[in-house]
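Q: As a plain string of letters, each chain reads:
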Amino acid sequence: MPRQDPPDAPLLSIRDLRIEGKAQDAWLPIVKGVDLTVKRGEVFGLIGESGAGKSTIGLAAMGFVRDGCRFAGGSVKFDGIELIGAPRKLRRGLRSSRIAYVAQSAAASFNPAFRLIDQHVEFPVLRRLMTRTEAEADAVELYRKLQLPNPDEIGFRYPHQVSGGQLQRAMTAMAMACRPDLIIFDEPTTALDVTTQIEVLSAIRDAVQSLGTAAIYVSHDLAVVAQMADRVMVLRNGETIEEAPTRTMLSSPRQDYTKSLWAVRSFKAPPRQDAAPASTLMKIEKVDAAYGEHKVLSGISFDLPKGRTVAVVGESGSGKSTLARVIMGLLPARGGRVELAGKTLPPGYRERSKAELRQVQMVYQMADTALNPRQRVREIVGRPIRFYLGLTGKALEARTRQLLNDIELDPAVYLDRLPSELSGGQKQRVGIARALAADPQLVICDEVTSSLDQLVAESMLKLLVRLQRERDLTYMFITHDIATVRAIADEVVVMKEGVVVESGPKDEIFRPPHHPYTELLLSSVPEMDPDWLSRLTARNENTTV
Amino acid sequence: MASLIRTVKGMPPTALFGAAVIAIYVLVAVFAPLLAPYSEREVVGDQYLQWSAQHWLGTDNLGRDMLTRLIFGARNTLAIAFFATALAFVIGTVTGLLAATLGGVVDQVLSRVVDIIMAVPGLIFILLLLTIFGTGIVTLIAVIAVLDSTRVFRLARAVAFGIVAMDYVEAARVRGEGLLWIMRREILPNAAAPLVAEFGMRFCFVFLTIAALSFLGLGIQPPLADWGSMVRENATLITFGDITPLLPAAAIALLTVAVNFVVDWILHKVSGMKD
Amino acid sequence: MTGIARLVLQRLGLGLVTLLIVSVLIFWSVELLPGDAAQEILGQSATPETVAALRHQLNLDQPPMTRYTHWLQAMAHGDFGTSIANGLPVSKLISERLGNTLFLAAFAGIIAVPLALMLGILAALLRNSLFDRAASIFTLTAISFPEFFVAYILILFLSVKLGLFPSISNITPSTDFAERIYRSFLPALALTLAITAHIMRMTRAALINLFSLPYIEMARLKGASQGRVVMVHALRNALAPIVNVVVLNLAYLVTGVVIVEVVFVYPGFGRLLVDSVSKRDVPVVQAICLIISMTYILLNLFADIVSIVSNPRLMHAK
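As you go down the protein sequences, you meet chains A, B and C in turn.
For the first sequence, our numbering assigns the number 12 to the initial residue and increments by one for each residue that follows.
For the second sequence, our numbering assigns the number 611 to the initial residue and increments by one for each residue that follows.
For the third sequence, our numbering assigns the number 1325 to the initial residue and increments by one for each residue that follows.
Possibly wrong hints are sitting among the right ones.
[As the list claims (entries may be wrong)] Simulated restraints, written as ranges between beta carbons of each label pair:
| id | chain 1 | residue 1 | chain 2 | residue 2 | range |
| --- | --- | --- | --- | --- | --- |
| 1 | A | L341 | B | P799 | 36 to 44 Å |
| 2 | C | G1367 | B | K879 | 39 to 47 Å |
| 3 | C | F1462 | B | L672 | 36 to 44 Å |
| 4 | B | R722 | A | E152 | 48 to 56 Å |
[Said to hold, decoys possible] Listed below are several chain C residues computed to face chain B (Cβ distance under 8 Å; list not exhaustive):
| id | residue |
| --- | --- |
| 5 | I1479 |
| 6 | F1481 |
| 7 | L1482 |
| 8 | I1583 |
| 9 | S1631 |
| 10 | V1633 |
Derived by calculation from the structure, the hints in this document are not laboratory data.
From the three backbone atoms N, C-alpha and C, an ideal C-beta is built for every residue, glycine too.
Given only the sequences and the hints, what does the whole structure look like? Please build it.
A: Next up, the structure:
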């Protein structure tokens, strides 16, 4: 491959890039004329919400479009070589050797049938850059660089034998196998827990720095990008909003949209009028639960005060969603009891009366699976009204419309829509309306904002807070997101591996001294400060040494 | 009506062809007595007459009009295959949905029974049961329906399992909805598309099985006209280079191809796949 | 490794239990008849003597459990009872025909399996190409045709019109190997066409199913050619479903052979089965059903074990 570069020529230069995607026999624009330049050794951050086209641009930098998409114009020049319209063989030849890719889900992106090291050495050997033995030795070296445990041995495992955070680092190592000039990181830490995310972020950053590789870092999380990138570009709906060096962007964003992305983190539920201590609505006492032999909850106890929000925080595997299932009666508790308004609830939902069932309603994480795709909004929201309150005809219609108004959806427009005709945020609102339709006391919100974009998530939180104040609702808010907890919780319960680590009023939990796990959890949340990660890793090194 | 036209317009040529063929077959089957020049069992001339103006397709091994037999064959063969498939579907869908919704012991028992039945090739089971009960249309339909319902059961169960895992079904459960309501309102509407496609495929399978049995002389019995038996009864003609006995076989093949084309199209529409 | 061994043993045990239950079903099916089974089978016109003889032959005068254990023991020793129709030992009727049928099935399988796998992989490689589309329409048509239709078309063209092959497969124990191949060529071809289409379609589907998975996209993004993506990255993971498809179709051969044997008057046990069904010769039908079921269960067991062994999650536990 001839290198035709004047010393400071850009490594990657994208001009007026246009990409279209096929939707129902029509080509719709996904990327609408984006310009982008990456210099050698530079880390370039691409940020935006879902549908912004950031991943599509990341892939386009490799001369790749997914099935159902096509290049509609513009130019992608890598080291002076035009990739759009280039012969397939040329584009393939650049991959691995000079441009490499790190996918969002390493667990799904490693081939389950081969050991990590087999996949690592595939291209260095195929391209005759190294012999198999050299490549394996180099793999171990890279595993060490990425701070993987047992670097000599870990490569000889199959993907399913390695944890998610380690796989993500192994995939970064694999991307570096041929010492490419450019690596595309496509949301590499999005699927990870916050405490794991830190380890992966710092491993990736150190490795990229020490090899001097240029990178494009794609993410929806501004705080994460701030740690990694030298320059940042904000995208929305396939268009560039603004581009600036990271520090400039953080300190003085120019565009309103960029500013609004910051604003989300500052949302706080307005203070309450009545500071009087609330009565207890639900009492959870020494609850144990298990899936078969596998124990998932042990000795869970806490109270839910009426009209308040209790946030249950924990990482994946902490048992927080299982707790919701126990309260709903979907997974009958093995021991302990759940008391609602002074009366013990039967453990299984089948044994509960209609009145008891009505009191506790749930809003689900995935709006897509929470609503029956074959039912219209009218039926989804109307059914609980009819079922619990016995309303029919005009009264039912009026009540349904009222509920839609309450969740800020115009009944005239949305009453007869199918879920597939709603946006993600609108689906989630309908989910809330369905829960409210039962006129419940307690609403369990299971990660209701985690699959939503930040702006939509914020409006969802506002809505929930408003409804709570109007109806004196009690919320049990299950989340992994500390920012959400800060925004709306009254009380906080921190869970880890099926037990409650710490619980109490929000101000107490967030005020030091913390329980060590709470401390770890809080410190792991990325901050909107480019030096946060360096500071944190420096501090951790000090404490461990 | 407008939506029907839109659907037809959106069909690829193969599916359009398939739908047209199916429509023609159904018409022929329904109006057989009006369309056929003679009656089903009437001996109209000598054996094995050549094609002529009186007998467009000649006569068969007993001197009956071939065209007439072919037309009535559509009626008998289609009706029996359709009833057997429909019966298999009712049995399979109901048990499959029950297994998925109730889970536990019901699912275990039903699934193990189906496993056992499916551990033996279908045709073998059919032949064994026909040996014992003797051949006859009712036996035929019942035996095929029961055996074939196992496949419908597997599909209905698998599809319903996917749906049962959805949060909206969970929501209906903890709302306190009854089993029937959940099956009818939450599960069935979402399982309909794959089940319709499966109906087409099962129909083809049943249709071919019955044709094969009749060809072996173990299915639909004379003097009823039926395509499989017509091939067997007149097969000797083929060794003289006469293609007439192949016409009923071709009629079978054409219908199965047609149904498969339509099923393929439905499946692609359901899965949203482009290829 | 012990986990794997246990899983495999479990499957073997399950296969054995299935076989036992199937044998009970085959044996007990006679009991489904209302009233006197012997009378039912022989019809109203039968003389009391013949009914009594049949009853004795089927051991209907003994309690069912004793009869079953006797029957199973006899089966295990290769004694399949005597035919009602002609009084010959069933084992004698079956033995030479079984060889003929296995020969025919093997003949078809040896041609069809490699051919279909190659074509299926090729269709997946060249997805949406002209070849793929043509293959798709061809295979869809082939699986829609009744076997006897295909068989007669072959007779019409290759035998009657061109005179290349005999339309009747006249095979005796003294026929030598080359002659056997020649005489059974048409039936083998008819079977080959049927299962090639099935295996090819399902192989292609098994591979294409994987194409949308992230690790296949990753292979592309690492710069793998289409050939490498399919042959290295996809094929290894499609192994279990493909083996399943092949086994399913081999098992199908055993039943598909029945019709083809009738068309070509091939002296295999498929034809014996059909004759015996129409004569309601229960012992013969039971014996053949048991043999075919056993083959079928064994083949499926094999596919199960292959899919366990080829699954890295099971092979290399955490």
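Q: Now look at each hint and say whether the structure bears it out.
A: These are the hints, each one checked on the structure:
| no. | hint | verdict |
| --- | --- | --- |
| 1 | L341/A - P799/B: 36 to 44 Å | violated (23 Å) |
| 2 | G1367/C - K879/B: 39 to 47 Å | violated (52 Å) |
| 3 | F1462/C - L672/B: 36 to 44 Å | holds (37 Å) |
| 4 | R722/B - E152/A: 48 to 56 Å | holds (54 Å) |
| 5 | I1479 | holds (6 Å) |
| 6 | F1481 | violated (10 Å) |
| 7 | L1482 | violated (12 Å) |
| 8 | I1583 | holds (6 Å) |
| 9 | S1631 | violated (16 Å) |
| 10 | V1633 | violated (21 Å) |
Checked against the numbered hints above, the structure breaks hints 1, 2, 6, 7, 9, 10 and satisfies the rest.
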